[in-house]
Every structure is written in structure tokens, then in C-alpha cells.
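Asks: Listed below, chain by chain, are the residues.
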Amino acid sequence: MKVLLLAAGRSQRMQPIPDKNFLFFLGKPLIVHQIQSLIKAGFDDFAVIGGNHNLDKLKTLPQDYDLKDINYTVIEQQNLDEGMAGAVIACEEIIDGDPICIVSSNDIVDEKAYELVINEALDEEVDSVIVGKKVDKYFPGGYLEIDENGFIKSIVEKPGEGKEPSDLVNIVVHCHKNPKKLIEELKKVSSTRDDRYEATLDSLIKGGLKIKAAQFDGYWQPVKFPWHIFNVMKYFFGKMEKSISKNAQIAESAIIKGDVIIEDGAKIFENATISGPAYIGKDVIIANSSLVRDSMVNEGCVVGFSTEVARSYLGKNVWTHTNYIGDSIISDNCSFGSGTVTGNLRLDEKDIPVNVRGEKMSTGTNKFGLITGENIRCGINTSFMPGVKIGSNCMIGAGLVIPYDIDDNKFVKGHIELDVRDNKAELDSSARDEMRGKI
Amino acid sequence: MKVLLLAAGRSQRMQPIPDKNFLFFLGKPLIVHQIQSLIKAGFDDFAVIGGNHNLDKLKTLPQDYDLKDINYTVIEQQNLDEGMAGAVIACEEIIDGDPICIVSSNDIVDEKAYELVINEALDEEVDSVIVGKKVDKYFPGGYLEIDENGFIKSIVEKPGEGKEPSDLVNIVVHCHKNPKKLIEELKKVSSTRDDRYEATLDSLIKGGLKIKAAQFDGYWQPVKFPWHIFNVMKYFFGKMEKSISKNAQIAESAIIKGDVIIEDGAKIFENATISGPAYIGKDVIIANSSLVRDSMVNEGCVVGFSTEVARSYLGKNVWTHTNYIGDSIISDNCSFGSGTVTGNLRLDEKDIPVNVRGEKMSTGTNKFGLITGENIRCGINTSFMPGVKIGSNCMIGAGLVIPYDIDDNKFVKGHIELDVRDNKAELDSSARDEMRGKI
Amino acid sequence: MKVLLLAAGRSQRMQPIPDKNFLFFLGKPLIVHQIQSLIKAGFDDFAVIGGNHNLDKLKTLPQDYDLKDINYTVIEQQNLDEGMAGAVIACEEIIDGDPICIVSSNDIVDEKAYELVINEALDEEVDSVIVGKKVDKYFPGGYLEIDENGFIKSIVEKPGEGKEPSDLVNIVVHCHKNPKKLIEELKKVSSTRDDRYEATLDSLIKGGLKIKAAQFDGYWQPVKFPWHIFNVMKYFFGKMEKSISKNAQIAESAIIKGDVIIEDGAKIFENATISGPAYIGKDVIIANSSLVRDSMVNEGCVVGFSTEVARSYLGKNVWTHTNYIGDSIISDNCSFGSGTVTGNLRLDEKDIPVNVRGEKMSTGTNKFGLITGENIRCGINTSFMPGVKIGSNCMIGAGLVIPYDIDDNKFVKGHIELDVRDNKAELDSSARDEMRGKI
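Chains as they are written, first to last, in this note's numbering: chain A, 14 to 452; chain B, 14 to 452; chain C, 14 to 452.
Chain A extracted, bound-state conformation (with noise of 0.2 Å):
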């Protein structure tokens, strides 16, 4: 059966993060982790769908990572609003009379989802199979409406909570043992809509296509909105085994406390504690006493003296100096001057709203500190409200306080107007001798 692992899209609920494929967590890009578990479950036959902006990178995969003993293709969408549906066409070329299993890389899932679609697939009554995961509080998703022999009548997108027609939401690992009847259906519906794909499978389910439903119970994880990325670095740290390289450098005085990993050419300075859960990547700088907690610190960063990155994700080469970042998700090479600090709590301690694509939403929870694309330049002592986004490749003065969301390529300044008179006052130094004796 060969996968159609979907990676087009371009994580725009995400922005100003990048590319969420590329989010890397324990070393590896979260796609990465999504084709071992596949492999893990007994797939090696692999079509990655990808876009222009993340083909190159796709491709390299393999050799990247070394995933070995698979087929491994890279088709591209050209076309990327048309979804899903759009991303399955692309691949008519490739797809033979075999099945075919599509994979989202929206949906985290632990393999034994992966498992459960081969399995009810064996089924000779059925056609197709979609994983539902079993939810016990509602979840603005699609909705699988099954019969009594758990076969799929519809699925119904967002129901609003108490109207939901099961318990199972709808997961983008779906097999389908006749490709060619999909694609030929698909091609079929106006390539305009929004639920092509689904409106697809509606019209497949009243043509006598049976669509069985996987009823899933482990680990699923959406990876829609930034917060999301909280929960993904959680999942990985609950499966990560605690492993210290050899070739890490690591000063007498330094404490390594509860599940870590310390990857080849980290350098922990002295005093400086890393508080498992955390990870921290190859080469990377702890410097004196600095603290990292919960966090997931790539490759590359350099966590400069006395900061603390408490709950944090750094993309690589991340580099900050006397901060604290937490609750925080900066992406890859930023830099952040010394006495920045990431708010990550309000005033009146009530959860903290982030804005996805002009709307308000709530993360859920009341710590929740800066979200930032690449090569962000941030200067010193400069303070961030909770929750606000910066796009890629901004510049952030000194001394400012950011109130709000900054777009990508912007050059942020404060008015500085200084009153500068002359010195009259006088200084006795009897005072500081005075304050010595006290030290």
C-alpha cells in the first residue's frame, strides 16, 4: 500500500512559523517522525505531495535522515488551494490498481493508527477505511456519521458542540483500495470547493462505496495553530529516552536533572541547569548559569548567560543573552540582546488571545509568551506582550515594549527623546563606602 503523505500546505493558522514539516523536535523534522512511525507500522512505499516552497527539502529526506529500505517519491502541487483534493490529483501519474493510504501532516498520530487503517483494510467487504478518533469533548472537526456495522454514511464538518453524530472525528489517514475511482470521482467535482475531497466521498458513499470506520483511541494531535506545537514537543518528550553524548562538554558544575537529551558538541557551562523534559541539540552553547526547563532547544542555539527558557521551542541556531523566554515559540536563527524578556502571563492573568489570520483566538491557557518567524534581530532590554506574533526577518529595537503583532521584513524603532541638562548634583563618596561595609 503506498502512502500519499500530504505536505503541501502552507501553515498559514502556523504563520509567521514556517513550513510546520520542518518544525524539528528530538533532531528531527516532524515529517520525519511521521514516515518512521509509517514505516514502523509496515508502510515503505511513500509519495510525499509537496509545494514549490518546500520541495528541495523534501526530496533530500531520505539521504537527510537516513531512511532506508523504502520508495520514496516526491510529487508537487502546483496548484495549493486546491487542498487535499488537489494534492491526490497530482499523484494520478504515480497511482496504480494497488491502494493507496493518505496521510495528512496535519495529524499527529502514534503508528498504531497507521496500524489499525491496515488492518480493517484486510476486510474484503471494504473499500475504503478512515481512522475516527474517539473524543470525549468537542473538537471543531469533521464528524464521521456511521451505521450500525460502523460503516461511514457522512461526514459533517464542525456539527457545533451536542450535535455531533458520534464521538469519532475525522483523521487524514485514509486508505482507499480503488485510487483510480477516487481520482476519477474527484475530477469530477468543481475543483473550486472547499470540500471537494469530502463531497467527494459523499457522492463515492450513495454510489455503494463502504467506508469503514477505524475507530481510534490513542494519541492525535492536530498541528493547525502555533499552540499546537506545545502538545506536539509534550508527545515527543513523553516517548524520548534519556541519552547524553559523549562528545557534549559538560562543566563539573553543570545539572542535568530528569529526562534530557544532550546531543554530540553541546557545551553546558558551568552552574547552568537543564531541568528534563528537555532536549538539547548538536552544538549547542548553555552558558553560566542559565536554566532550561520543559524545553526543546535545536541545533545550534546558543542559550547565552543567566536565561531561562522554560516551556519553550527554539528552532535552530536561536540565540539569546541574560532572557527569559517562556511559553514561547521562536523559530529558526533569531537572536534576542540581553534583558529581552518574553511576557507570557497578563496582568489580570486570564488566558492569552493570539490573532490567526486577522482573527482573535484563545490558546487555552494563561501563559502564553511570543510566537516568531526566522532571522528575527531583537536588541536589549526590550519587552514582549503575551502572545504576540513577529514575522520572519524583523529587526526590534532596544528598550520598546511590543504590544502587538509585527509583519514579516519590518524595522521596528521606538521615538527616543532624551533630556539632557547639566550635572549639578554632587557625589559624596563617603556613601559608597558606607554601602561597601554592608555588601
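Calculated directly from the structure, the hints in this document are not laboratory data.
Quantities reported herein were computed from a predicted structural model and do not represent experimental measurements.
Please note that the accuracy of each hint is not assured.
No copy labels: a pair is met if it fits in one copy or bridges any two.
30 Å max Cα-Cα, derived BS3-like pairs, lysine-lysine [stated by the list, open to error]: (1) LYS373 - LYS423; (2) LYS451 - LYS252; (3) LYS437 - LYS380; (4) LYS166 - LYS373; (5) LYS280 - LYS270; (6) LYS270 - LYS451; (7) LYS380 - LYS423; (8) LYS329 - LYS194; (9) LYS150 - LYS451; (10) LYS247 - LYS81; (11) LYS451 - LYS237.
Knowing the structure of chain A, use the given hints to seat chains B and C on it.
Replies: The following block gives chains B and C in isolation, referenced to the frame of chain A:
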């Protein structure tokens, strides 16, 4: 002898610090320390005079603090404007023929002062006893004018330096063997007079009442102005015995030196230093790389990462995070965002004044920080100027400089104006490579 | 041979750093290091030419720094505008028939340069000797044009790159066997000429004076611009021998690594790190959790809690407190409030310019911090932009961003405008309970 413990005052000169009776030292309210001193001196019958604002808390003191084998009544003083005289009159019903000892919660003395008054009262010739604290420099209080036998001729209020009738300052530890007579006389004097109690004593003296001045040479500290709290703190530090609870969790790398008390449930994290004298209350958390010295850190406080608390009083449940809290008095339930600093030294290094009821008073020291009421929330990277007072229930924004006092219940913001332009700068990644080499 | 040590210059290009002769390295003024080098090379007769501003300090050098068995005179140069020529003429009275060696305090060389000049002067054919430093890239100074026998034909000032007459730069280590003749000639040239000394040499050469170029290949560092101080610091670090005084108090948990000198009376507190090369002067205090690396911390400094001092020169009695002082030069008696930071990297990571006498000069590095004069007082949470200079006796307020140079004797404030409203927000104490659970 029944003690009339006057505790109804509203501590107006202490504002925004609430009721000074409930300032906590070594885990107990100040008034409990006073009661225990009185018990130690031999008293076992207490009438505590409170006001509407603290009546409930006063009532439960014996059970809350395990004060055993004493008679204990709480009396409400309705009209707090009537001061000491009003407080004594409020006790009329519970006063019988037995002697009383009036003690004010404004005067902290060691138990020897109480023993002294008991002893002097044994003399049958004596009708009343007033403790006179021997002072060696001028204090702006009431002075005892005495005759050759040590009996008081009059009490002279604030005579001015050089005009003191003796070196004895009137401390409110007053024994009256005939309290009924006292009350009778008090009632004859107009209730609107500020000096009603003193005027009554004068008239009683003229009528033949023999008031002995009990000359006291021990510890005395009035608790009138906020900075007196530091003196009281020192007093209790001097009396404290080192004790570290077995139920405290102290990281191996944490450093505890000097005289400290660390209570049950406290957690001291890695590389934190507690440098005595210091009191670390129940369930207090001292996070990594923090330093607490010469400070009272009451129950439930969280001293966050890399914070210094020096020569300060923190009420209960104060949260700090990468702050410098120096020479400051922070009331219960306040919190400070990362990077916020209490300035405690003027640029000109002169003595620091504090506003008390509209008047600028010198604190007598050039090291003085912040005074706050309860329930303050302060943002990140804010700077408080030395000697500033912040009222209860205030919220103070991020990145501000607070140069003056803020009343209760205020929300303080700055005017944020950012200049957001297109970023024209280009980064050369080799710069970072070079810098990495220098780390 | 008498040394004429020229030390009268006012270091104008070094401003606001005062007299460079009294910059302290390894506990001694720069000029004492120079004298000791000269003694080591064999000199024992010194005339130091000073100006009104430093005469007193120059006079007491032998007793202050235990310079034994030498002749030592201090000569005042009245008119400092007359430069090197004026300095030599000022010595007329003390010059007899013996040779002199003119040495400028602008040029730091190792003692081999002095030995070289002594040796070359032994040659009877030689009338004068000038040390020529072999350079391998262009330096904007005077170049020696020499003949085939190594005698100087002329000195070419700033010839421009590619037009150098040789690879030998004129270093002011000049021996003259007939100083009386030199002075006689100097007097003939107009005192208003900038190049009076060089013009005199030219005319002497034309008159047959044989000046040998002593080709020198060792260490040479001009001390002309503030950033040269970092080079000199490195030079002395290279020569220093590890030594930790028995009279220093070093906490058990403090970490001392690499080459360091720690002098008498220094106190290193808990969890502080000194990472060599570093010099910690007499009575210096390094407080808890601080980090000092690649820095010169002179006598009496207080490096307060959680401060990083990196690649910096701190004069005497500099007080820091929770600061980052990076790539900075701080003159004596300055102090920085908690949270104040010296920015040392531009957002665009380009080389950092510094104003020198009205002209923007590149420091040649992208890591450069603050330059200050003496007696600065700076408030809390202030941000200095990279390459800024603050004049002596300035006071700088709290919470400011200082983007440009400040002249001597200024008081700098910002315009504080707060928006103080009634606080309508309500706090739900359960939020804190939840947060406490997550610590």
C-alpha cells in the same frame, strides 16, 4: 492583671501597607509576637481592642497560633477617631476592680518592659505605672517629667530637641490599678481632643494619682512608618534560632549560610543561595540561581529564577521572577514580571524620602526601595524609583519607569508608540559564525 | 643613556577616557609597565615629561610602585600644543652630553625593542637610532625610507596603502647620541608646525646625521583610540602568570578557571565564575552567580549579583549589579543600576563605529560596547547602544535607551508620561494556584 492590647489603629502612616498587626515575622503576625511576650512576662488575661477591619482576624488568633491557657476577648472600638482613649472606654464593660495594663501594638518592646511594669506595680504607694524608655538622642514623642522619687509630674509631647524634661520617652505600657476611675475621668474629657488620654492622666495626677515612671533600658521600636519594618525585621533576626525543616526540599547545590529558618514545604532549587539572616516561610519556592539575603520571605512566596531579594520584607504569596528586590517592603499577593527592578539608590546617592500622608519624610538612609500594598501585579522590565509607594490592587504595565506614588486600585500604562518600517538591513551569516568562535 | 619618557599628551582621541598613562593593567598604570620594561632592557635614568593634569601622579610613581635603583625626574611640558618637539625642548636643562632615548607612552612595545635600540647605538658610525616596526599590512603612521645600509633617508607620514617606502613604521623609541644638537635644531623650526620634530630630523639627516633604522619584529601596540585598550589588555593577559592571593576570600562553590590573577582582599561569592584570562584587583567583590571573563577588573570594583562582564576593562571602583557589560571600557568610579545593559552588537551585525573628535571611525569589530569617563552614575534598566561614549561626571536616568554620545557633566533623563486609570480588572486566585502546580 488584664492586658488591654490596643490594636484598632488603621496604620495610616504605614499606607499602603495594611494593618501592621498582621505583618508576619518568622511566620507569625506581629501582634502574636507581642501577646507571646506578654505571656512570657506573666500575663494571662487579654482584651484585644480591634476595629471593624481586623476584628475577625483578631478573634481567631488563639486557635490560629496555639495561644494556650489564657483568657482572650476581642473588643470592637467603633469610632477609631477616638484613639487610645476611645479604645480604653470601649473596654468599660469588661473592666472590674482589678488592675489593667494598657499596651499599644505601636510599640515593640522586649518582655523585660512588661516584667518591669508588673514589678513596679507591686509597690503599694503606686497607683499607676508608665514605662519610660531611656533614649540617648531626641525622639519626637512624649517625654516623662518626673520628680525626685520617679513619679510623673506630666507628659510633655514633642518638646523639641534640647527641651526634653528627662531622657524618658512615654511607651504605651501603662498599668492602672484603678481602671474604673481612669474610665470615669476619660469620659469627662471631650472626645474630640487628640490628647484626651494624656489630658486625663494630667488631671488625675493633679488630683493626686501617683504614676510611677518605670525606667526601661531594653529594646524598643515604634512601628509607625514603613521603614520601621526593617528595624523590627532585624530585631526578630537577632532573636531567631537557625532551623531547617526536614520537610523542606533543598537541592544539593543550593547554598544555605548564616542564620536561617526554612519552614515546611519550602523548596530551594539548584544554585540558589540563602544568605542569613533570612526567613523562608512555609511552601516558599526559591528558584535556580536566586539569592535571598537579610530578608523575610513569608509563606507561599515564589522567588523566581535569578532573582535577588536583599534586605527586604516580602509578605505572603509574593511572586518574583528575575527581579532585584532591594530594601523593599512588599505586601501579600504581589507579583513582578521578569526584569522588573526596585531602584534603591538615588543617582546622587542622597537619603531617600518617602511620602507619608502627603508629607515628604526622610527614611534616614540612602538605600531604600519600593513599598507596596497587597495584590499588585507588575509587568516585565519595569523600573521603580527609590522610595516609591504603590497602592493595593494596582496593575503596573511593562517597560515603565515609575517615579511617583500610585494610589490604590489603579491601572498604570505608558504610551507606546512604535515606528514600524520596512527592514532594509541585510544580514551576513558569517558574522554569527565568527561570534560563535569567540564564545 | 637617559630615557625621555613622553607622557604629557592629553589623550584627546581617547576621550572620555582620562589619561591613558593611568589606565591600570594587572594592578599597575600603563606607564609603570613601560618604565619597568625599560629598566629590564637596561635603562636606569628617567626623565618623564608630563603635563599639568598628571604631574602629581607621575611624581609619586617610584614610591607608589616601588621602582628601585633608578634616577627619576619629572619635567613639566607647559604648552601641550607643542607636542613631541615641545616635550624634548622642555628637557633642555637636564640634558648633558650623554645620549638620550626618547620613548612615547603612545607606543607599547616589548622590552626587545628597547634592547635593540641600545645595541644599534653601540655602533660608532651611528648618530641616532629609530625603531622601525615591521608591518605586514598598511598602518596609517609614519614609514621609514631607508638606504641599503639601513640608514634612514626620510620619514614619510601616512603614505597611503601601496605607497609605503618600506615595511617599517616609525615607533617612538628614538636614540640620539647628541641630544644638544637635536634641541638646537628643534628650536630653529617653527613651534607651530605639527611635524616640527620630524622636520628637524629631516634637516639633520640632510646635514649628515646618520640615523639607523632598528628593524623590530616584536610586539607593538599604539594606544591612540579607545579600542586599542582591548589589544593592550590581551597583551598583558598573554604575559600574566596565574596567581590567587591567600588573602582573597573565595567561596567553595565559586569557579575559577583558566589564567587568572586574584589580588589581596578580593571576595568571590557563591556560584560566581571567573573564566580566565581575567584580572581581579585588590578588594574587588564578585557577587553570587556572576561571570567575569576575558576582563580586567581593577581594584575596588563591585561586580554585583548575576552580572556578566565579558571582554571588558573596568577601572577602579566600578559598581555593577545585574548588568551585562560586554566589550566595554568603563573608567574609574562608575556605577550601573540593576538591569542596565551595554549593547555590544548592532541589529544588522555590522562593524560598530565610534565618534573620535567628531569623526565616525570604525572599531573594526562587530562586537563593541560602551566607553565611559569617570564618575558616571547610571540608573536601572537602561540600555546603551553599541559604541556609545558617556562623558565623565554624568548621571543617566533609569529605563532609558542611550543611542548617542553624552558630553561630560550631563544629567540625562527621559520624558516619563504614565496613563493612570482606575483598575477594573479582577483577579481570580485560582490562576495562581494552577501556576504554582506547574513550577
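Asks: Are the hints correct? Go through all of them and say.
Replies: Quick rundown of the hints versus the structure:
no., hint, verdict
1, LYS373 - LYS423, "both (22 Å within a copy, 27 Å between copies)"
2, LYS451 - LYS252, "between (51 Å within a copy, 20 Å between copies)"
3, LYS437 - LYS380, "between (46 Å within a copy, 21 Å between copies)"
4, LYS166 - LYS373, "neither (35 Å within a copy, 76 Å between copies)"
5, LYS280 - LYS270, "both (16 Å within a copy, 16 Å between copies)"
6, LYS270 - LYS451, "between (36 Å within a copy, 17 Å between copies)"
7, LYS380 - LYS423, "both (27 Å within a copy, 24 Å between copies)"
8, LYS329 - LYS194, "neither (44 Å within a copy, 70 Å between copies)"
9, LYS150 - LYS451, "between (60 Å within a copy, 24 Å between copies)"
10, LYS247 - LYS81, "within (27 Å within a copy, 52 Å between copies)"
11, LYS451 - LYS237, "between (56 Å within a copy, 25 Å between copies)"
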